[in-house]
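Peer 1: First to last, the protein sequences are chains C and W. Per my numbering, the very first residue in the first sequence carries number -8; after that it's consecutive. Per my numbering, the very first residue in the second sequence carries number -8; after that it's consecutive.
Incorrect hints may have been included.
It does not matter which identical chain is meant; a pair holds if it fits inside one copy or across any two.
Stated by the list, open to error - With a Cα cut of at most 30 Å, we get these calculated DSSO-like pairs of lysine-lysine:
{"hint": "1", "residue 1": "265", "residue 2": "352"}
{"hint": "2", "residue 1": "142", "residue 2": "386"}
{"hint": "3", "residue 1": "274", "residue 2": "142"}
{"hint": "4", "residue 1": "274", "residue 2": "123"}
By construction, these hints were calculated from the structure, which means they are not laboratory data. Since the structure is predicted, the reported quantities are computational estimates derived from the model, not experimental observations.
Spelled out from the first residue to the last, the chains are:
2 protein chains.
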Amino acid sequence: MLEVKTPAEVLAMIRTEFAPLPDRTELVPLAEALGRVLAEAVAAEEYVPDFDRSTVDGYACRAADTFGCSDAIPAILPVAGQVLMGEGADFELSRGECVYVPTGGAIPQGADCAVMIEYTEDYGDGTIGVMKPGAPGMNLIFRGDDVFPGKEILPAGRVLTAQDVGALAAIGRTTVPVARRLKVGVISTGDELVPPDAAPGPGQVRDVNSPLLTAMLTAFGAQPVNYGIVVDDEPLLRRKLETAARECDAVILSGGSSVGVKDAACRIIESMGKLLLHGIAVKPGKPTIMGKAGNKPLIGLPGHPVAACFVAQLFVLPLLGQLMGRNQEAYTVTAELTESLGANHGREQINACRLRREGDKLLAAPVRSKSGLITQLAGADGYFVISRDCEGLPKGAQVQVYLY
Amino acid sequence: MLEVKTPAEVLAMIRTEFAPLPDRTELVPLAEALGRVLAEAVAAEEYVPDFDRSTVDGYACRAADTFGCSDAIPAILPVAGQVLMGEGADFELSRGECVYVPTGGAIPQGADCAVMIEYTEDYGDGTIGVMKPGAPGMNLIFRGDDVFPGKEILPAGRVLTAQDVGALAAIGRTTVPVARRLKVGVISTGDELVPPDAAPGPGQVRDVNSPLLTAMLTAFGAQPVNYGIVVDDEPLLRRKLETAARECDAVILSGGSSVGVKDAACRIIESMGKLLLHGIAVKPGKPTIMGKAGNKPLIGLPGHPVAACFVAQLFVLPLLGQLMGRNQEAYTVTAELTESLGANHGREQINACRLRREGDKLLAAPVRSKSGLITQLAGADGYFVISRDCEGLPKGAQVQVYLY
């Protein structure tokens, strides 16, 4: 019999038992790369900018020709022409001359600074006066100042932001190698379940886990495949699980609150590969099963949607992230607990909470409800964890909230 | 001439000048509701659960029949039958009897508690012994404990999480009223711009703002419409802006770094409706124009992608959120600055940063680069704001980071 593991043990087990999928890379157009996981590091292949540019509207010249000038004694320079936006500056500036350049315009050979137009005066006779001395490099961006060939722009595993998409556009990367969206089978079990669009009869409840897990997987960037509701029947469950495992990269089973169904799920998973885990010391979420067929995770979540949600968040998404080679960093928001909260379980305890601002403070109101479902899910902004050795938190305690 | 406004003044102006769109609601299937903005508050229309349920595997009975029992002197109760999952319990329990109920099973009339199976012994003769006294309500969830008809589940304006989707499934809401995705026109201007998939010639650069803004709008839940690159030509720009304004709910123009183009954009916006703003006291991002044609925002962003990105994040997305009736709360992550940072501008200063963990600490490394583009966008995790009256921040200062 497998023992109940602590959350840290489960995460360590996931790291050793599952490897990133070898065939996970696919190429997508840049326009579809937002939110995807970068499969390989991206390096620049060219210089950005590709030419020396001015950062101001003004005159490109040699700084030395302006040394010592002032409002009283301007440096007088003949204007040799102007640089147009979008065109090169393929001429060489002679000593003592200047050219007009717009912001972003190319700087001709021979010039080593740009003087802002505000510090010049146009005498109307083909010359200008410069009132403030320049310095070499002033108001210029040099070729490759931003990036140069070979410079790493983005690391593998990064979840691409809109800003990353902009940067990829800037270096002309219009096709991006990303981890494909994993296909994840979702199966709900339970004789009491009816689909969400059905009216539950006596003793029946709606299947919440399928839409919940489907939405969580979608938000994570996976591709959920719904296998519907299976009644508590071992041969039927086995066929469904085997089909889902054949068609998907991972399978999540939820429900089966009765001991018989849990044992059946264990037997099926064991026969398909290896049972890795039977129970996690976390509240809620203890009755969790984890196994694998080859590198394919087979997971049995608790039937209660709140428990299923937390276990999916804490363990299943990190596992899928690992298969995708995804950066697993999760940031938390610090908030102040609005009321004291007991925890005396010897198990890590997960609490959903609602956030609200009061003046400068961000407050976290723990969601309390007797095995509640809607009230624990709807309107919650995130969750925090109370460690197993903590007997509870006082009102005003700082908690680290993971946002949904 | 309009004056330069502070960021707070701009946000206040947005609140008074733009109203939520009256025709913004559309109905979508629950499976497509993730990430959408709820257009109306949702209240439950039924009881959840709809029947009294057990939270344990065990026996439903009257608590009074177990008072005073113990391991030594069990309460002996005849088992009148069992409740099956997914079926009602439409019989009344007689005094002194019990029935077997699985976790989640219905509780028959007459029973007022459920005793965990672990505290009972099956004598095999149709009776069980209860070793631990029950109490009324013990291990039960009553009808409507979670929600009842009329109880508000989710407020209008909420961006729906996966957990909200689960809650909506639980109350049978399979169609959800959400704000439609706003159509937002994106136009880049500049003679120097080429599309990202083109190789820039001398003096040319790739158009970064179109893919950047498109991705930002997509991530925000809007529907970007790309109108391509327009050269610096007033009649052409006017035609493009008018077309985009006719076809979209809002238009974002970016670039036009030359004074002439900016003046042209102001003239065009003024003639189409009203010019509201010419310049924001924020660095980077000062040369921002904002106007409206009716309730349709017409926005001119700076040409530099980093400035365009910050202005879009700080002002354009909140404006679009207001048209959609979206909850505007933004949470920040607290991090420690890795190096001191100057700011001496009399303008609010926005800094991109990268986050990394070091032991227990979360560190924010400001991205520094001379008017850089890729290095300021790629790989940044978010940004923080230095207020206008602050002259800089020392190494180790706590900053509030808005995540991308």
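Peer 1: Next, verify each hint and record whether it holds.
Peer 2: Quick rundown of the hints versus the structure:
| no. | hint | result |
| --- | --- | --- |
| 1 | 265 - 352 | neither (48 Å within a copy, 38 Å between copies) |
| 2 | 142 - 386 | between (49 Å within a copy, 27 Å between copies) |
| 3 | 274 - 142 | between (46 Å within a copy, 27 Å between copies) |
| 4 | 274 - 123 | between (69 Å within a copy, 24 Å between copies) |
Going down the numbered hints, you'll see the structure goes against just number 1.
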